[in-house]
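Asks: Okay, here's what each chain looks like letter by letter:
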Amino acid sequence: MDPVAPASTAAQKRAELRRAVVDLRARGLYSSAKWAAEQLAGLPEAEGKPPPRTRRSRSDIATADEEDDLHVLAKSAFDVKDYRRAAHVLRDCTFGRSFFLRCYAAYLAGEKRKEEERVETSGPLGCGNACNKDLDVLEAELCAACQGGNPDSFIAYLYGLVLADRERKSEARALLLASISGYPCHWGAWQALQQLCVDCDVQAGLSLPRHWMREFFLVSLCLESQQNEEGLGRLQTLEQQFPRSDWVVAQAATAQYNLRNFDEAQDLFEVLLERDPHRIEGMDTYSNILYVKEQFAALSHLAHRTAVTDKFCPETCCIIGNYYSLKGQHEKAVLYFRRALKLNRHYLSAWTLMGHEYVEMKNPPAAIDAYRRAVDLNPRDYRAWYGLGQTYELLHMPYYALYYFRRATQLRPHDARMWCAMGQCYENEQLAMYEKAIRCYRRAEQNVDREGIALHKLAKLHDALGQRTEAAYYFEQNLGRIDAERIQGSDTLDALAFLASYKKDMGQLQEAEVYCLRLLDYGAPSKEKAKALLREIRSMQQHAGFSSPSARSMSPDSPSTSPV
Amino acid sequence: MPKVQAAALTILGTGVRGGPQAAHTGLLPSPAKASNCHTMEDAYGAPVEVFTLAQAYYMGKQYRRALMLLKRSELVDADVRFRYLAARCLAECHDWEECLAMLGGWENEEADNMDMQQDVQTDFDIGQEVSIYAAMCLVRGRAYDALENRTRAIRWYRAALRADPYCYEAFQVLVDNHMLTSEEEAEMRLQQKFPEENSWLELLYRAKCKKYDQQDTIAATLEELERPALPSTSDEAEGPSDAPQAGHGGPKFPATPASRPQEMPAESRMSVDGRRTRSMRSLATPSGPVGNGLASAEGGGADVVMRGPADDAEEAALGPGCGLANNLDVLVCRAEWYYHLGAFRECYQLTSSVLESDPYAMEAFPVHLAAALELRKKNELFLRSHRLVEEYPDRALSWYAVGCYYLCTQQYENARRYFGKATSLDASFAPAWVGFGHAFAFQDESDQAMASYRTATRLFPGLHLPLVGMGMEYQRMNNLHLADLLFLQAHKICPTDPLVCNELGVLAYRNRHYDQAERWLQRALDRVPGRLSAVWEPTIVNLAHTYRKQRRWAEAMEAYEKALGLNPGQPGTYAALGYTYHLQGNSSAAIEHYHKALGLRPEDTFTAEMLTVALQEGCMREDNF
Numbered sequence: 001m002d003p004v005a006p007a008s009t010a011a012q013k014r015a016e017l018r019r020a021v022v023d024l025r026a027r028g029l030y031s032s033a034k035w036a037a038e039q040l041a042g043l044p045e046a047e048g049k050p051p052p053r054t055r056r057s058r059s060d061i062a063t064a065d066e067e068d069d070l071h072v073l074a075k076s077a078f079d080v081k082d083y084r085r086a087a088h089v090l091r092d093c094t095f096g097r098s099f100f101l102r103c104y105a106a107y108l109a110g111e112k113r114k115e116e117e118r119v120e121t122s123g124p125l126g127c128g129n130a131c132n133k134d135l136d137v138l139e140a141e142l143c144a145a146c147q148g149g150n151p152d153s154f155i156a157y158l159y160g161l162v163l164a165d166r167e168r169k170s171e172a173r174a175l176l177l178a179s180i181s182g183y184p185c186h187w188g189a190w191q192a193l194q195q196l197c198v199d200c201d202v203q204a205g206l207s208l209p210r211h212w213m214r215e216f217f218l219v220s221l222c223l224e225s226q227q228n229e230e231g232l233g234r235l236q237t238l239e240q241q242f243p244r245s246d247w248v249v250a251q252a253a254t255a256q257y258n259l260r261n262f263d264e265a266q267d268l269f270e271v272l273l274e275r276d277p278h279r280i281e282g283m284d285t286y287s288n289i290l291y292v293k294e295q296f297a298a299l300s301h302l303a304h305r306t307a308v309t310d311k312f313c314p315e316t317c318c319i320i321g322n323y324y325s326l327k328g329q330h331e332k333a334v335l336y337f338r339r340a341l342k343l344n345r346h347y348l349s350a351w352t353l354m355g356h357e358y359v360e361m362k363n364p365p366a367a368i369d370a371y372r373r374a375v376d377l378n379p380r381d382y383r384a385w386y387g388l389g390q391t392y393e394l395l396h397m398p399y400y401a402l403y404y405f406r407r408a409t410q411l412r413p414h415d416a417r418m419w420c421a422m423g424q425c426y427e428n429e430q431l432a433m434y435e436k437a438i439r440c441y442r443r444a445e446q447n448v449d450r451e452g453i454a455l456h457k458l459a460k461l462h463d464a465l466g467q468r469t470e471a472a473y474y475f476e477q478n479l480g481r482i483d484a485e486r487i488q489g490s491d492t493l494d495a496l497a498f499l500a501s502y503k504k505d506m507g508q509l510q511e512a513e514v515y516c517l518r519l520l521d522y523g524a525p526s527k528e529k530a531k532a533l534l535r536e537i538r539s540m541q542q543h544a545g546f547s548s549p550s551a552r553s554m555s556p557d558s559p560s561t562s563p564v
Numbered sequence: 001m002p003k004v005q006a007a008a009l010t011i012l013g014t015g016v017r018g019g020p021q022a023a024h025t026g027l028l029p030s031p032a033k034a035s036n037c038h039t040m041e042d043a044y045g046a047p048v049e050v051f052t053l054a055q056a057y058y059m060g061k062q063y064r065r066a067l068m069l070l071k072r073s074e075l076v077d078a079d080v081r082f083r084y085l086a087a088r089c090l091a092e093c094h095d096w097e098e099c100l101a102m103l104g105g106w107e108n109e110e111a112d113n114m115d116m117q118q119d120v121q122t123d124f125d126i127g128q129e130v131s132i133y134a135a136m137c138l139v140r141g142r143a144y145d146a147l148e149n150r151t152r153a154i155r156w157y158r159a160a161l162r163a164d165p166y167c168y169e170a171f172q173v174l175v176d177n178h179m180l181t182s183e184e185e186a187e188m189r190l191q192q193k194f195p196e197e198n199s200w201l202e203l204l205y206r207a208k209c210k211k212y213d214q215q216d217t218i219a220a221t222l223e224e225l226e227r228p229a230l231p232s233t234s235d236e237a238e239g240p241s242d243a244p245q246a247g248h249g250g251p252k253f254p255a256t257p258a259s260r261p262q263e264m265p266a267e268s269r270m271s272v273d274g275r276r277t278r279s280m281r282s283l284a285t286p287s288g289p290v291g292n293g294l295a296s297a298e299g300g301g302a303d304v305v306m307r308g309p310a311d312d313a314e315e316a317a318l319g320p321g322c323g324l325a326n327n328l329d330v331l332v333c334r335a336e337w338y339y340h341l342g343a344f345r346e347c348y349q350l351t352s353s354v355l356e357s358d359p360y361a362m363e364a365f366p367v368h369l370a371a372a373l374e375l376r377k378k379n380e381l382f383l384r385s386h387r388l389v390e391e392y393p394d395r396a397l398s399w400y401a402v403g404c405y406y407l408c409t410q411q412y413e414n415a416r417r418y419f420g421k422a423t424s425l426d427a428s429f430a431p432a433w434v435g436f437g438h439a440f441a442f443q444d445e446s447d448q449a450m451a452s453y454r455t456a457t458r459l460f461p462g463l464h465l466p467l468v469g470m471g472m473e474y475q476r477m478n479n480l481h482l483a484d485l486l487f488l489q490a491h492k493i494c495p496t497d498p499l500v501c502n503e504l505g506v507l508a509y510r511n512r513h514y515d516q517a518e519r520w521l522q523r524a525l526d527r528v529p530g531r532l533s534a535v536w537e538p539t540i541v542n543l544a545h546t547y548r549k550q551r552r553w554a555e556a557m558e559a560y561e562k563a564l565g566l567n568p569g570q571p572g573t574y575a576a577l578g579y580t581y582h583l584q585g586n587s588s589a590a591i592e593h594y595h596k597a598l599g600l601r602p603e604d605t606f607t608a609e610m611l612t613v614a615l616q617e618g619c620m621r622e623d624n625f
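Those protein sequence lines, which keep their order, are chains A and B.
Residue numbering for the first sequence is 1 to 564, as defined by UniProt numbering.
Residue numbering for the second sequence is 1 to 625, as defined by UniProt numbering.
Keep in mind that the hints were calculated from the coordinates and are not lab data.
Every residue gets a Cβ at the ideal spot worked out from N, C-alpha and C, and that includes glycine.
Just so you know, not all the hints are guaranteed correct.
Stated by the list, open to error - Straight-line alpha carbon distances no greater than 30 Å define the calculated DSSO-like cross-link-like pairs of lysine-lysine that follow: (1) A:34 <-> A:114; (2) A:114 <-> B:562; (3) A:112 <-> B:377; (4) A:133 <-> B:71; (5) A:342 <-> B:596; (6) A:362 <-> B:596.
Stated by the list, open to error - Derived coverage of chain A by chain B (criterion: at least 3 residues anywhere in the stretch with Cβ under 8 Å from a Cβ of chain B; other residues may be distant): (7) 166 to 178; (8) 394 to 405.
One chain only, chain A, in its complex shape:
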């Protein structure tokens, strides 16, 4: 827990969240209201009965509503998504929540129209360049409203959104910060702020208000920037304050998933489903885990379960897509991912997963398009960057691939897979930058390369560069790993062959013999080679037996000794 954050009791939080739910709903900010309600339910159970104040506050709300019938009318129109009507009803309001509702309705109406226009020009999944035509007017109006200094928090939030759309990010950030400081319990504003904090230096420069909401924000930010351990730490403190919050559990599960701790993540998701069997949020991540673990039945069960809850929810479609993908029916999978995206064009993981499917279907252009849309939506999606790199590698464009792999490594510097991929690019004959490739593989090796590609590659590269000592070192390492994990493969063969001849050349004939003997267990060509080597070793041994023991055997590891 942050030491500077003033401690507030659960009761205070409860009161604050309760008020927030009412305030947010009055302004049509439903998802934030839902979030606040979720946290409200996540607080520890209140001691005793709920305070009697609730009743009075409810009557307060009633009177507040009576004060403005127009607001009620507009709100009703807003609730049934008649945004233009809502804005029109309130056309003369210039202050207070009615003003906000009007501007927000106008904003949403513009957004809706924008989407429709985009679909008109470039189809449901096209990337047409439509813009919200209401922004101009809104910007002018909100600018005027904010000019007097100290604007209403919600107005500041909306103005921030508008400016963010206008790519005036620093101004937007300042406004959102102001909004958060004035009204901390508005999760939508924090989320908008998070989207504007892609750069690490920006994150560091934020002066966040000292409020308990800040912890939630920091968790979200940590997870987004792949600082999963830190995020988990923060989540633990949050869990103490909000022991029953599903959000906290879901975030923890996502963090574990990001850390590739699939078992822990799966457990958490199961807890979540137990608590809330109709939950769909975050279940797409769960389905990813089941996919990776190839648990057909569980995935199928999850897909059926969510489909019953809400068939036309983007997450549901995504889960079903994953299911088909696991069954190898890639066309069907793509169909479902596309459906998910039609339902929500900003659904990041569906774009990435669709990219994966297209790679499977050997359709690199479509894959690139999908991945690129994903990184356009959120440049922190390392999977999409990695996918882009892979696809360009398939297309034999190593420069492009390298760039994308580099982006991926920047996002996940501790992921060996990214480093291996990057090393592979440097190895490509178009680049042939072996020094850099070696450095990449070393990084991979330092970061626990589970697949063991890095060791083998390192050995091979050093061998190719004539650095036999290093090569021998890595081959030995790799062999040790292979032996420990009891796996078979061509890597073993290469390692044995190299080590046998290397040791022989170094004069360590006994060790060479051991490797040769192991080599005999394998197929024909290596067997022949091993036999030839053995013969050579024998003759050398004989030779050594006749002549005086040479200095070679005294210092077998000395690299200065040159064989033959």
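Given chain A, work out where chain B should sit, using these hints.
Replies: What follows is chain B alone, placed relative to chain A:
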């Protein structure tokens, strides 16, 4: 019609002292018969009677008959009023040479040293009576206009206005047909002297003139016009709501001298409609290495803080104004000013409210249509043009509205056809000519566009837009020298138009005179009235290109980012910004921006190539592990 009679009567009244004015005040609509019977007895009766009869013929459109009567009376040479009426008859017959001869042989004389003036104006007091001298000047001007002798026509119109500042028709012709440059207009205004109590007219004239050079004062002028008048003066300014034309109001000012028989429709009002549209188009083809996408059609600048007429009540404390807040002319001036500022939305709102109360307020239409076009209000244009064509199929304005609709829907063939129709109906309707040219220019038909711009230049010497249009066409044809000449000419006519400065900047850029380009573009931005809106985003991009060429990276990047703030999502701007980063050596930022640009416009080969280069450079250089 009644106005004409009144005017004629007044003229008569002044000439014949003690004449039977009273008898004639109640003239019936068809007086010809009655008068006719009266004079049949004596063909050469009293001058008053002859004059009345001639007038009656004139009213009845029997011009030749009136002429014969007047000539035969032999009073034509003796009395200037007779001569005037005869001249008007000749004018109606389109017998211009004769008409000029009738008015007197002062072709070669200067309009200033007119002995006629003393002759006629013996006891003429400005504002009290209609100046017959001014009326005659006006007819001369019109005659020369018809003979296509522009310089003389202008000279005579100005003479008319100088003789009588209330000669609104002369003013209207001069201003609406863009006969004068804004400098000349200012000079003309200076020469006019208005009596103290009618200062509102001076303000109105000022508001109606070209607005480019009065950016600082126009707001004050309009405010003063709109501020409520003191109760004592309110009747002097005449109930503005019932004065259809401000120029025709006031109890001391019974009628406009020499009102034309048919009311001149106000359709020839300056409407810069095509200007902006054209400007967008032209600005959208900057000569930078990276083409700039079409500027968004949406006019921004909605934040111009302007006072609506309603707010002015509180300003009463500032002193009495003219109380003309609801006057149509003032409202239209206000709307035009909004338009000029690029506040299209306010402009549109204002004209819409005007048209709501008076759906056929012709004065308000050109600016309303122009604003609707800027805002891409396709539906509104459709409905309005339909109504107009139904109601006034013989007016240029109606067909001009149709043309605007087609321009808005990008059906240039049709737009061309209807603009052409409008110009053939009324050649003096400037907006149609400009629109005609633009409709051709949109389809890259340079020759035809040039032809219509050229005609417009000839017809409207005070209008710089056709020159700009021609310059743009030349620029497109890579005839930079001619383009330069034309832009400079346009700049001379209207030195404050930012568009011209922008074009000159682009030209300098293409000639690789980057310092000069920078100066022009900077000047263009300085001259944008009000706040910068998305309309001027191309100018900022051009400036950024110029900075980049001068290797002033930081400034260039700042300008590009400013442009993106005004009009986000422009692939060209992203590409240029990436290129600047690239030139500066920051290949990772360059790559990012190239990607953004390519995401928006995948077919951009330049950016794709630069991206490959940047990627290769990046992989050679970068060492982040």
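Asks: Determine for every hint whether it applies to the structure shown.
Replies: Hint by hint, here is what the structure shows:
no., hint, result
1, A:34 <-> A:114, "26 Å, holds"
2, A:114 <-> B:562, "23 Å, holds"
3, A:112 <-> B:377, "19 Å, holds"
4, A:133 <-> B:71, "67 Å, violated"
5, A:342 <-> B:596, "23 Å, holds"
6, A:362 <-> B:596, "26 Å, holds"
7, 166 to 178, "holds (count 3)"
8, 394 to 405, "holds (count 4)"
Comparing the model with each earlier hint shows a violation of hint 4 alone; every other hint is respected.
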